[in-house]
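Generate coordinates for the entire structure from the input sequences, incorporating the hints supplied.
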Amino acid sequence: MEKIKVGIIGPGNIGSDLMYKVIKSKHLQMHLMAGIVESEGIKRAAGLGFKTSLEGVDAVAADPDIKIVFDATSAKAHLYNAPILKAAGKIVMDMTPAAVGPYVVPCVNLDNLAHVDNFNMVTCGGQATIPIAHAINRVADSEYTEIVAALSSKSAGPGTRANIDEFTQTTKKALEIVGGADKAKAIIVLNPAEPPIMMTNTIYSIVKNPDEKKIIESVNEIVKQVQAYVPGYKLRVPPVIDGNKVTVIVQVQGAGDFLPMYSGNLDIINQAAVAVAEKVAENLLNKEG
Numbered sequence: 001m002e003k004i005k006v007g008i009i010g011p012g013n014i015g016s017d018l019m020y021k022v023i024k025s026k027h028l029q030m031h032l033m034a035g036i037v038e039s040e041g042i043k044r045a046a047g048l049g050f051k052t053s054l055e056g057v058d059a060v061a062a063d064p065d066i067k068i069v070f071d072a073t074s075a076k077a078h079l080y081n082a083p084i085l086k087a088a089g090k091i092v093m094d095m096t097p098a099a100v101g102p103y104v105v106p107c108v109n110l111d112n113l114a115h116v117d118n119f120n121m122v123t124c125g126g127q128a129t130i131p132i133a134h135a136i137n138r139v140a141d142s143e144y145t146e147i148v149a150a151l152s153s154k155s156a157g158p159g160t161r162a163n164i165d166e167f168t169q170t171t172k173k174a175l176e177i178v179g180g181a182d183k184a185k186a187i188i189v190l191n192p193a194e195p196p197i198m199m200t201n202t203i204y205s206i207v208k209n210p211d212e213k214k215i216i217e218s219v220n221e222i223v224k225q226v227q228a229y230v231p232g233y234k235l236r237v238p239p240v241i242d243g244n245k246v247t248v249i250v251q252v253q254g255a256g257d258f259l260p261m262y263s264g265n266l267d268i269i270n271q272a273a274v275a276v277a278e279k280v281a282e283n284l285l286n287k288e289g
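Each residue of the sequence shown is one higher than the last, beginning at 1 in the UniProt record's numbering.
Honestly, I wouldn't trust all of these hints.
Calculated cross-link-like contacts (lysine to any residue; reagent style SDA-like; alpha-carbon spacing at most 25 Å) [to be verified]:
1. 76 to 190
2. 287 to 76
3. 214 to 188
4. 26 to 37
5. 213 to 154
6. 213 to 238
7. 3 to 32
8. 154 to 176
9. 154 to 143
10. 24 to 255
11. 26 to 245
12. 234 to 153
13. 213 to 188
14. 185 to 235
15. 76 to 40
16. 185 to 256
17. 5 to 53
18. 208 to 245
19. 213 to 176
20. 5 to 229
21. 183 to 196
22. 183 to 194
23. 213 to 190
24. 3 to 46
25. 26 to 256
26. 43 to 1
27. 214 to 247
Beta-carbon label-pair distances, calculated as ranges [claimed, not checked]:
28. 46 to 244: 22 to 32 Å
29. 228 to 287: 18 to 28 Å
30. 55 to 221: 38 to 48 Å
31. 237 to 54: 41 to 51 Å
32. 117 to 144: 30 to 40 Å
33. 54 to 244: 28 to 38 Å
34. 191 to 65: 41 to 51 Å
Hint data in this document are derived by calculation from the structure and do not stem from the laboratory. Glycine included, C-beta positions come from ideal geometry on N, C-alpha and C.
Structure (structure tokens):
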């Protein structure tokens, strides 16, 4: 079966896990891992037989075989990389909170973004909570949504820690733009507990139409849709409705492709990005066919 070749910029934890997910993909073919130093991630990709480069974004932009790019660097780096990749005609999955392109949460708004060339994957907390926020809003009209993303400090690497300000700002905006809340707030908690905790996300909404039956049905439906591309996603506490307040808690267990299973925060954003890239690749293959 024909596949679309992809490049990954940033051979850290996110990039390495993406590589293993791309290897399993139906429509994507791992082609090039690019970084700027001879890191363990670069060595790992080379050991698996893939092309590698220390020329970063320039190597990916210059390779005509690459159609789709995962940028797993940082928000600051993506602001530099994005125009280079656009000029080279690449379709980009932005794994950082830079938000150059529109926010995308596959089960919520991917079908409305057919002609986009830069997909912003929001944040790990956004991918975990926006589906629930959307599910509540579409039946109950959310005035305010607040989320708390709690994750193991062991699964928060240098990139996550460097982007905490962008995490809270980007997640808040996406909860409003994609999730539909009139106002929102996002909080991240790094928990040093041993053994490491699974990623746990609390979604709290104040709604105008607190119809318990509709809210429960809507949340259950969206959970199944997320599970189609993130099997480790589950309701830990189903919707609790108290007057006009709705509380839901979801847990994310990673697939264990490269990262530990407790790193659900990294796994969910990668699973979401691969789901988007799969759809893009399928569309490209249909056009070529």
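Against the structure, the hints:
Between residue 76 and residue 190, the direct Cα distance comes to roughly 22 Å. Compliance with the 25 Å bound is thereby established for this hinted pair. Distance check on the hinted pair: residue 287 and residue 76 sit about 34 Å apart at the alpha-carbon level, beyond 25 Å; violated. The straight-line distance between the Cα atoms of residue 214 and residue 188 is roughly 29 Å, outside the 25 Å bound, and the hint therefore fails. The straight-line distance between the Cα atoms of residue 26 and residue 37 is roughly 30 Å, outside the 25 Å bound, and the hint therefore fails.
Proposed proximity of residue 213 and residue 154 is contradicted: the alpha carbons are some 38 Å apart, above 25 Å. About 12 Å separates the Cα atoms of residue 213 and residue 238, which keeps this hinted pair within 25 Å; it holds. With a C-alpha separation of about 14 Å, the suggested pair residue 3 and residue 32 falls inside the 25 Å cut-off, and the hint holds. With a C-alpha separation of about 29 Å, the suggested pair residue 154 and residue 176 falls outside the 25 Å cut-off, and the hint is violated.
The hinted pair formed by residue 154 and residue 143 fails the criterion: a straight-line CA distance of about 34 Å is larger than 25 Å. At roughly 12 Å between alpha-carbon atoms, residue 24 and residue 255 fall within 25 Å of each other, so this suggested pair holds. At most 25 Å may separate the alpha-carbon atoms for a hinted pair to count; residue 26 and residue 245 exceed this at roughly 42 Å. With a C-alpha separation of about 21 Å, the suggested pairing of residue 234 with residue 153 holds against the 25 Å cut-off.
Restraint check for residue 213 and residue 188: not satisfied, since their Cα atoms lie roughly 30 Å apart, outside the 25 Å limit. Using a Cα cut-off of 25 Å, the hinted pair residue 185 and residue 235 holds, with the two alpha carbons roughly 21 Å apart. In summary, the hint linking residue 76 to residue 40 is supported, as the alpha carbons are separated by about 22 Å, within the 25 Å threshold. Annotation: proposed proximity of residue 185 to residue 256 is violated, straight-line Cα distance about 30 Å (limit 25 Å).
A C-alpha spacing of about 16 Å is found between residue 5 and residue 53, which places the hinted pair at or below 25 Å, so the restraint holds. The straight-line distance between the Cα atoms of residue 208 and residue 245 is roughly 9 Å, inside the 25 Å bound, and the hint therefore holds. Restraint check: the Cα-Cα separation between residue 213 and residue 176 comes to about 24 Å, which is no more than 25 Å; the hinted pair holds. Our distance criterion of 25 Å between C-alpha atoms is met by residue 5 and residue 229, whose separation comes to about 21 Å.
Distance check on the hinted pair: residue 183 and residue 196 sit about 32 Å apart at the alpha-carbon level, beyond 25 Å; violated. With a C-alpha separation of about 35 Å, the suggested pairing of residue 183 with residue 194 is violated against the 25 Å cut-off. With a CA separation close to 34 Å, the supplied pair residue 213 and residue 190 exceeds the 25 Å bound. Restraint check for residue 3 and residue 46: satisfied, since their Cα atoms lie roughly 20 Å apart, inside the 25 Å limit.
Between residue 26 and residue 256 the alpha-carbon distance is near 19 Å, which keeps this suggested pair within the 25 Å criterion. For the proposed pair residue 43 and residue 1, the alpha carbon gap of about 28 Å is over 25 Å, so the pair is violated. The suggested pairing of residue 214 with residue 247 holds, with an alpha-carbon distance near 14 Å, which does not exceed 25 Å. Separation of residue 46 from residue 244 is about 56 Å and departs from the stated range, judged on CB atoms against 22 to 32 Å.
Taking the beta carbon of each, residue 228 and residue 287 are about 24 Å apart, inside 18 to 28 Å as hinted. In this structure the hint that residue 55 and residue 221 lie 38 to 48 Å apart at CB holds, the actual value being about 45 Å. In this structure the hint that residue 237 and residue 54 lie 41 to 51 Å apart at CB holds, the actual value being about 46 Å. Separated by about 33 Å at the C-beta atoms, residue 117 and residue 144 satisfy the suggested range of 30 to 40 Å.
Taken as a hint, the range 28 to 38 Å is violated for the pair residue 54 and residue 244, whose Cβ atoms sit roughly 55 Å apart. Between residue 191 and residue 65 the beta carbon distance is about 42 Å. The supplied range of 41 to 51 Å therefore holds.
Going through the hint list in order, the structure does not satisfy hints 2, 3, 4, 5, 8, 9, 11, 13, 16, 21, 22, 23, 26, 28, 33.
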